[in-house]
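S.K.: Taking the hints into account, I'd like the entire structure generated from these sequences.
Protein chains: 2
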Amino acid sequence: MTREDVLVQLRVSAKTPAAEEIARNLAASIRDGVIAAGTKLPTEQRLSVQYGVSRTVVREAISRLKSDGLVESRQGSGVSVIPASLRRSFKLHGAILEKQQVIELLELRQPLEMASARLAAVRHTPQELAEIADAQDRMKESEDWSDEGVQADLDFHHAIAKATGNPFYADFMAFLGGALHATILTARSESKNPNIKDITLREHLKIVQTIAARDPDAAGQAMLLHLQGASQRMTAG
Amino acid sequence: MTREDVLVQLRVSAKTPAAEEIARNLAASIRDGVIAAGTKLPTEQRLSVQYGVSRTVVREAISRLKSDGLVESRQGSGVSVIPASLRRSFKLHGAILEKQQVIELLELRQPLEMASARLAAVRHTPQELAEIADAQDRMKESEDWSDEGVQADLDFHHAIAKATGNPFYADFMAFLGGALHATILTARSESKNPNIKDITLREHLKIVQTIAARDPDAAGQAMLLHLQGASQRMTAG
DNA sequence: ATTCGTGAATTTGTTAGACAACTTTTCGGT
DNA sequence: ACCGAAAAGTTGTCTAACAAATTCACGAAT
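Chains as they are written, first to last, in our numbering: chain A, 49 to 285; chain B, 49 to 285.
Don't read these hints as lab results, they were simulated from the structure.
Wrong hints could be hidden among the right ones.
Repeated chains share a single entry, so a pair holds when one copy, or any two copies, can fit it.
Unchecked claim - As a list, the in silico BS3-like pairs of lysine-lysine whose alpha-carbon atoms are at most 25 Å apart: (1) 88 to 63; (2) 254 to 147; (3) 139 to 88.
All values reported here derive from a predicted model rather than from experimental measurement.
M.R.: Structure follows, in structure tokens:
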């Protein structure tokens, strides 16, 4: 019974819609430079023959590339590749994160979180501070290793980013948090350290206090300590 | 004659493809919570009636939303909105950047550039250092206010990001650079300061020297000074 | 011979209808 | 009340056609 379920699962996950696969294929060709910036893609007609699908499917694939800012189409002319310097979307194309990628992503996040904490310490409103404290409370009351605990953890960081008053911080931290969500969850569940939640809560508390005190240096430092600890717990576990 | 040209121009720029406009409309509804996460979009049939277009156009619009990680479709079931916490793309949906947005974007960039310079100082290889110096030379030889000068400037920062050895830094700085490209260009051309290039080059030189010396603190500090100066020149000019 | 239109060929944008594949709902029999 | 099969609903894909815009080629006028 379970074996059958696995087979079904595999079959489902294996059969990605054609448009998605073609979009991925073309995107890879563009990113690897096989199709150079400034040049044109083959016509929809040729692509449909090449991939053995209808023009409809090809058009849906190209739609995705447009949305990613990889190409630009002009009626009557064709679809041309946009130079890398003008691309306006940032995307994690590899869905699953390897450990090395996790480390690199955390390395990107660290200076942003520190700056976020510093700015939040200086600029936060009472409402924003309350939202930060609320996320902390939700995490305190959650069961260990639960998904809702991880969510509260990420909400905590997101609330701080929102308290900077800079929407780019809020959006980008939410994005990074989402990318790390699954990784954090598995890291926590695999961890042998039973006090992981208490340690996290203590580090969070220090951050809340320093932000509430409007002390940017201390807030940045408290955030740094928290991230270093969390990073160690995640990548070592 | 010229008046007619303007009219044509306006008509052209006003006529965005239907799929793009619908995608934008739906994306806004999702981001604003009008269509809540977890719920389903109206069926393609209903949307095609609602917007007065064919189902094909609706499908292309939805294709874009899928690419943005906003929705997920299951054959036979429908198209459901993905929770914000799981979105895996970061995008500047507002195409044109207002001055306030530029300031906020620079504020996001600053801690990343500092971290980038620090990491590059510690980790750079000779080749990577040469690439940084090369961008600096290209900027030196470019004409004032030229597009190629701005490109060399951005290449300089990108080269540093690559020298961190962390591809996320390289990708994200390239993304931010692209977003700021047009703004930097106009800021330079409008600036009354004729020495803007020389000042920039001097600040860059300091960064190169400190990175070459493998001194992360000095490199970070040099980068901070450069960004503060550049930011002032851009937003004040 | 060169340049300039004009029309033909290309190419993307959009529509319509049909069928396949899959999911959800409905309804009838036990 | 429950179960299973049929029906309805929904997304995925294909085909055929036309509209709209661009590009190209050819011929005419200078």
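S.K.: My question is about residue 254 and residue 147: at a cut-off of 25 Å on alpha-carbon distance, are they close within one copy, between copies, both, or neither?
M.R.: Result: close neither inside a copy nor across copies, 28 Å intra and 35 Å inter.
S.K.: As a check of your reading, is residue 88 near residue 63 (CA-CA no more than 25 Å) within one copy, between copies, both or neither?
M.R.: between (29 Å within a copy, 22 Å between copies)
S.K.: Under a CA distance limit of 25 Å, which applies to residue 139 and residue 88: within one copy, between copies, both, or neither?
M.R.: Both. Shortest intra-copy (23 Å) and inter-copy (24 Å) distances satisfy the 25 Å Cα cut-off.
The structure does not agree with numbered hint 2 stated previously, though it agrees with all others.
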